[in-house]
Amino acid sequence: MKASIKRIEYFLPEKKENNEDLKVDNPDWRIEDIEKKTGITNRRISSKGQTAVDLAEEACKKLINSSINPQDIDFIILVTQSPEYPLPTSACVLQDRLDVPSCIAFDINLGCSGFIYGLAVSSSLISSGLAQQGILVCSDTYTKYIDKNDRTCRPLFSDASAAVHISATKDDSIGPFELGSDGSGFDKLIVPSSDSKLPSDNAIANRLYMSGPDVFMFTMNMVPKAVNSLLRKANKNISDIDLFVFHQASKLVIDSIIRHLELPEDKVFTNYRYIGNTVSATIPIALNDAIKENRINSGDLIMLVGFGVGYSWGGVLVKWQ
Amino acid sequence: MSDIEEEIIGIIAKSLEVGEININSSVENTEEWDSLGHLSILVSLDKRFNGEVAGIKKMANIDSVKSILNVLKNNNLI
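Those protein sequences? They're chains C and X, same order as listed.
Taking the numbering used here, I'd label the letters of the first sequence as residues 440 to 760.
Taking the numbering used here, I'd label the letters of the second sequence as residues 661 to 738.
Derived by calculation from the structure, the hints in this document are not laboratory data.
Misleading hints may appear alongside valid ones.
[What the hints assert, rightly or not] In silico DSSO-like pairs for lysine-lysine, Cα to Cα no more than 30 Å straight-line:
1. Lys664/C - Lys717/X
2. Lys475/C - Lys717/X
3. Lys706/C - Lys475/C
4. Lys664/C - Lys707/X
5. Lys690/C - Lys717/X
6. Lys706/C - Lys726/X
7. Lys706/C - Lys733/X
8. Lys664/C - Lys718/X
9. Lys690/C - Lys674/X
10. Lys476/C - Lys674/X
11. Lys690/C - Lys462/C
12. Lys674/X - Lys445/C
[Said to hold, decoys possible] DEER-style ranges, computed between Cβ atoms:
13. Lys726/X - Asp460/C: 33 to 41 Å
14. Val678/X - Asp460/C: 25 to 33 Å
15. Arg698/C - Asn682/X: 45 to 53 Å
16. Arg469/C - Asn710/X: 43 to 51 Å
17. Lys707/X - Asp626/C: 26 to 34 Å
18. Asn684/X - Asp681/C: 19 to 27 Å
19. Glu692/X - Lys706/C: 28 to 36 Å
20. Lys587/C - Asn682/X: 31 to 39 Å
21. Met661/X - Asp472/C: 27 to 35 Å
For every residue, glycine included, the Cβ atom is placed at its ideal position computed from N, Cα and C.
Chain C extracted, bound-state conformation (with noise of 0.2 Å):
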């Protein structure tokens, strides 16, 4: 059997920031010029004492309620780089509040290019036999770990969740993929704390660090090379996909891979600009707002391509049903 998406619901945390919000703990920062590069104007903050699985339940009760039965859930992936405990995997702690019976349930710690891996782990349990239909869900609240005056990451991080009903299907609608990875970039995008490194009640090590830069010319360089390849793995040409949906990094990631690729401008989605980098849950928001926009039909050609920590990329081809 092969895989399909079924379908996607999300979750964003109530509390809403603005780029004015920034400047009441910077008011040295220049939030015109910021918004003008990151190119976006609002993120989601999840709320004291509410985490990454909180906000997953929410995304899987709304699947749960449309889409899928508990008892029939023979996975749960959860995508996180903010897990509820350093053990055991958060996956077990959001089977147990969504009261689903036993079933495959891990996590996986990746960030930006997350979806793309957590969609490849869903297609092979399901063309190997060993599960007919899950959820595979991203949530993060990266926010946490950023400090307010930040100037690299807090314009750009938000918080969110976003769960996929992924099924058995016969026709052959997810693939190929392209998966990539590169550990010499690890300190560039990094929390440095943990109990067997760094003492986890130190301050500095529990925040997020992003060297920008590095991580940007790492974007420009190999995200390309990521979609060429996967056109040729693939046989095709940029003019026969119809849509593009990137992780939704920022304005000025995303415009530099259309340069590079000279993809048409109309064959992007993006919706960054009201919800900001929701690292994982990036590309499952976007592929389902694009459905609600009807910018995806029955038929349609759609790549997906995340990248970022780690480093880590991957981009996958779907024919949407």
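Let chain C serve as the given structure and place chain X on it in line with the hints.
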């Protein structure tokens, strides 16, 4: 200073949206040359050199006009 060097300095000034940039300008003495400003410089230079700058990892960590010119020279772009 060569024409191409002057052009590069002009590109850096435009990217940072400042009037006064010279051969001695750097992160240390140019307030606008922060992380976002640096990204703007990278994008503008990459456009000027038709995507060639994206492959030069060193460009992520340059911090002065002199070092930009040196890296571009060392990569035979100017």
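Hints, verified against the model:
1. Lys664/C - Lys717/X: holds (15 Å)
2. Lys475/C - Lys717/X: Since the Cα atoms of Lys475/C and Lys717/X sit roughly 25 Å apart, the hinted pair holds (cutoff 30 Å).
3. Lys706/C - Lys475/C: holds (22 Å)
4. Lys664/C - Lys707/X: holds (17 Å)
5. Lys690/C - Lys717/X: This hinted pair holds, its Cα atoms lying about 21 Å apart.
6. Lys706/C - Lys726/X: violated (39 Å)
7. Lys706/C - Lys733/X: violated (37 Å)
8. Lys664/C - Lys718/X: holds (19 Å)
9. Lys690/C - Lys674/X: holds (19 Å)
10. Lys476/C - Lys674/X: Roughly 14 Å separates the two Cα atoms, so the pair holds.
11. Lys690/C - Lys462/C: holds (21 Å)
12. Lys674/X - Lys445/C: violated (48 Å)
13. Lys726/X - Asp460/C: 33 to 41 Å: Because 39 Å falls inside the window, the suggested range holds.
14. Val678/X - Asp460/C: 25 to 33 Å: holds (27 Å)
15. Arg698/C - Asn682/X: 45 to 53 Å: violated (29 Å)
16. Arg469/C - Asn710/X: 43 to 51 Å: Distance hint for Arg469/C, Asn710/X is violated at roughly 30 Å.
17. Lys707/X - Asp626/C: 26 to 34 Å: Because 29 Å falls inside the window, the suggested range holds.
18. Asn684/X - Asp681/C: 19 to 27 Å: violated (51 Å)
19. Glu692/X - Lys706/C: 28 to 36 Å: holds (34 Å)
20. Lys587/C - Asn682/X: 31 to 39 Å: holds (35 Å)
21. Met661/X - Asp472/C: 27 to 35 Å: holds (28 Å)
The earlier numbered hints that this structure contradicts are 6, 7, 12, 15, 16 and 18.
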